[in-house]
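Going down the list, the sequences are from chains E and A.
Using the working numbering, read the first sequence as starting at 1 and increasing by one per residue.
Using the working numbering, read the second sequence as starting at 1 and increasing by one per residue.
These are computed hints drawn from the structure, not numbers from a lab.
Note that the Cβ used here is the ideal one computed from N, Cα and C, for glycine as well.
Check before you lean on any hint, since a few could be wrong.
[Unchecked claim] Okay, derived cross-link-like pairs now, EDC-like style, lysine to aspartate or glutamate, Cα gap no bigger than 20 Å in a straight line:
id, chain 1, residue 1, chain 2, residue 2
1, E, Lys-6, A, Glu-302
2, E, Lys-91, A, Glu-302
3, A, Lys-151, A, Glu-171
4, E, Lys-47, A, Glu-337
5, A, Lys-285, A, Glu-314
6, A, Lys-325, A, Glu-9
7, E, Lys-91, A, Glu-314
8, E, Lys-47, A, Asp-18
9, E, Lys-165, E, Glu-90
[Said to hold, decoys possible] Partial selection, computed: residues in chain E whose CB lies under 8 Å from chain A:
id, residue
10, Asp-51
11, Pro-54
12, Tyr-57
13, Ser-58
14, Pro-95
15, Thr-151
16, Met-152
17, Arg-153
18, Tyr-171
19, Lys-175
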Amino acid sequence: MGVANKTIENSKILIVEGKDEAGFIAALIRHLGLSLPQIVQIDGKDKFKRDFLPFWYSGDNSNVNSLGVVMDAEKNQAASTHKSICSVFEKLGIPKPSSPGVLVTTEKIKVGTFIMPDNESAGMLESLCLASITSDPVIDCLNKYFDCFMTMRSAEEVVKINMPKSRLLAYLATKSPYANSIDIAAQKGHFNFENEVFNPLKSFIIDLLS
Amino acid sequence: MQYSDIRIEQFRSIERLDLEDFSRINLFTGKNNCGKTTILEALFILSGMSNPQLPVTINNLRDLVLTSDDDFRYIFYNLDFANEPYIEASLDKVKRTLRIKPSHSSVTANLSPEIEQKKIIDQSLNVSTSNIKMPVNGLILEFTNKNPQQKYTSVLSLTQPRFVIPNDYTETLHCAFQTPQNTVLGLDKRLENIIVDKKVNDIIEIIREIEPQVSDIRMGANGMIYLDIGIQKLIPLNILGDGIRRILSLIAAAIDMKNGILLIDEIENGFHFSSLKVLWKALLKTSKAYDVQIFATTHSYECIAALSEESKGEEDIRLYRIEKKNGHHKALTYSSEMVRSGIENRFEVR
């Protein structure tokens with residue numbers, strides 16, 4: 001068994017859902033020319049309730065001056081995920097932002113949540129990435145493939161598929177150099193961060209980290 | 001009997017610290033000199049508050065030998081007798097309180113020629129300040145149990161010497177304080193009691209987790225402890241490893257503290273990390289069977305992980321990470337689930 005070594009190491013903290021999100025956000029922050037904050041992975045809002053406190057207690061949190069949480073709305077509306085995160089903040093005496101995408105700023109700290117894909121709808125990072133590639137002609141091919149796929153599988157099987165993730169991975173499979181995850185795809189420049197669909201996320205990150 | 005909370009004021013380096021929501025198993029972590037051992041000491045003297053010897057004992061356990069009553073200042077915040085230590089806690093919803101005060105002797109003397117000449121020669125009188133600082137000649141332990149109006153008093157003086165305990169108070173709470181230095185001391189007596197009470201099989205079952213051949217434990221002359229491992233002769237416990245002696249000692253202490261409190265400082269001390277799971281398995285089982293509340297300190301990540309793993313979500317545990325910043329103490333409280341999360345995610349919990 002190794003020695004625990006994850007602790008608060010930076011005054012700017014960004015909590016994300018997993019490896020894909022961490023790599024994607026890091027690539028976006030580099031694109032913006034900002035210094036990387038400490039990016040911490042906590043897998044979903046349910047685990048956030050359990051895991052954030054041990055992280056927040058893992059080091060001296062009194063020096064943290066920016067705290068952002070980027071989570072997927074999944075099947076919920078963004079407000080539900082935002083509320084769930086804020087309930088944890090409240091227990092720890094961390095200022096609560098009024099709504100997703102909006103920072104609350106006090107003398108000591110800026111705090112905000114960004115709920116994928118757009119601070120309103122159900123969905124996830126993949127949904128946002130798919131929205132950024134709608135003008136790519138290859139989308140027609142993807143649509144045809146998935147239309148065909150739907151006719152080949154039962155409704156029970158189809159409902160189990162994470163469609164945004166599958167569509168995005170199918171899209172990335174056509175890219176060169178090959179990228180089998182959003183994390184790698186973002187690092188290899190397969191997403192156009194100048195696409196306007198990324199603007200709300202970019203504004204959130206700039207406001208949080210500047 | 002279980003404590004549910006404690007408040008510590010002006011005791012050693014702690015100006016004030018509140019700990020709440022204790023469970024049966026409680027672990028204190030934190031950096032060196034953050035006050036972990038002091039919390040155990042506070043629990044210890046509160047548990048035996050009628051015994052004025054305990055302030056001496058806790059200093060001795062730190063290798064501090066008290067040579068005069070003035071040395072009692074070691075337990076006063078900032079070493080200042082004006083900062084009287086105060087400890088209160090709820091034990092099975094009954095509040096007990098303890099205030100420790102210095103006892104002052106009166107000074108009488110004939111006027112010396114120097115005083116007549118207005119020269120100050122006795123530093124203890126220190127009349128350069130507005131208050132005369134009277135020499136301390138002992139400690140007064142003023143305590144209450146259940147009824148806050150009913151105050152009892154114990155007194156200890158080293159120099160006189162004097163030892164007064166109230167004759168109208170009987171302590172019913174058992175509490176033992178195990179440190180790395182004293183863990184194996186008293187094992188013979190405790191084991192003898194366990195053998196007499198026909199509880200030795202409980203211990204043998206635990207020892208078999210480490211030494212599967214052990215079938216019996218016997219007492220010999222002069223407090224020697226022997227194990228039967230199936231060979232022709234019994235073997236002395238002392239020739240086995242230090243770890244097995246320590247586990248045996250801690251389990252014997254837990255059994256001895258039935259319905260009481262067991263305090264263990266640096267619980268991981270002397271154990272290979274592979275034995276820590278055996279230790280916690282044994283302590284969890286014993287504490288439940290004998291209704292013993294355990295408070296332990298550790299610096300060891302492996303020790304915390306072993307407790308988290310062995311409790312398996314069945315036993316509610318607490319971890320308190322003690323932090324000291326700008327001279328002020330605070331406790332960060334982890335539930336069982338949060339301890340598991342910290343271990344799984346490899347977040348620092350020590």
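How the hints compare with the structure:
1. Lys-6(E) - Glu-302(A): Cα-Cα ~15 Å, so holds.
2. Lys-91(E) - Glu-302(A): violated (29 Å)
3. Lys-151(A) - Glu-171(A): Status holds; Cα separation ~14 Å.
4. Lys-47(E) - Glu-337(A): Holds. Lys-47(E) to Glu-337(A) sits at ~11 Å (cutoff 20 Å).
5. Lys-285(A) - Glu-314(A): holds (11 Å)
6. Lys-325(A) - Glu-9(A): holds (16 Å)
7. Lys-91(E) - Glu-314(A): Answer violated: Lys-91(E) to Glu-314(A) is near 25 Å, above 20 Å.
8. Lys-47(E) - Asp-18(A): violated (28 Å)
9. Lys-165(E) - Glu-90(E): violated (33 Å)
10. Asp-51: Hint on Asp-51(E): holds, closest Cβ of chain A at ~5 Å, below 8 Å.
11. Pro-54: holds (4 Å)
12. Tyr-57: Holds: closest Cβ of chain A sits about 5 Å from Tyr-57(E), inside 8 Å.
13. Ser-58: Status holds, d = 4 Å.
14. Pro-95: violated (19 Å)
15. Thr-151: At about 42 Å, which exceeds the 8 Å cut-off, the nearest Cβ of chain A leaves the hint on Thr-151(E) violated.
16. Met-152: violated (39 Å)
17. Arg-153: violated (35 Å)
18. Tyr-171: violated (32 Å)
19. Lys-175: violated (32 Å)
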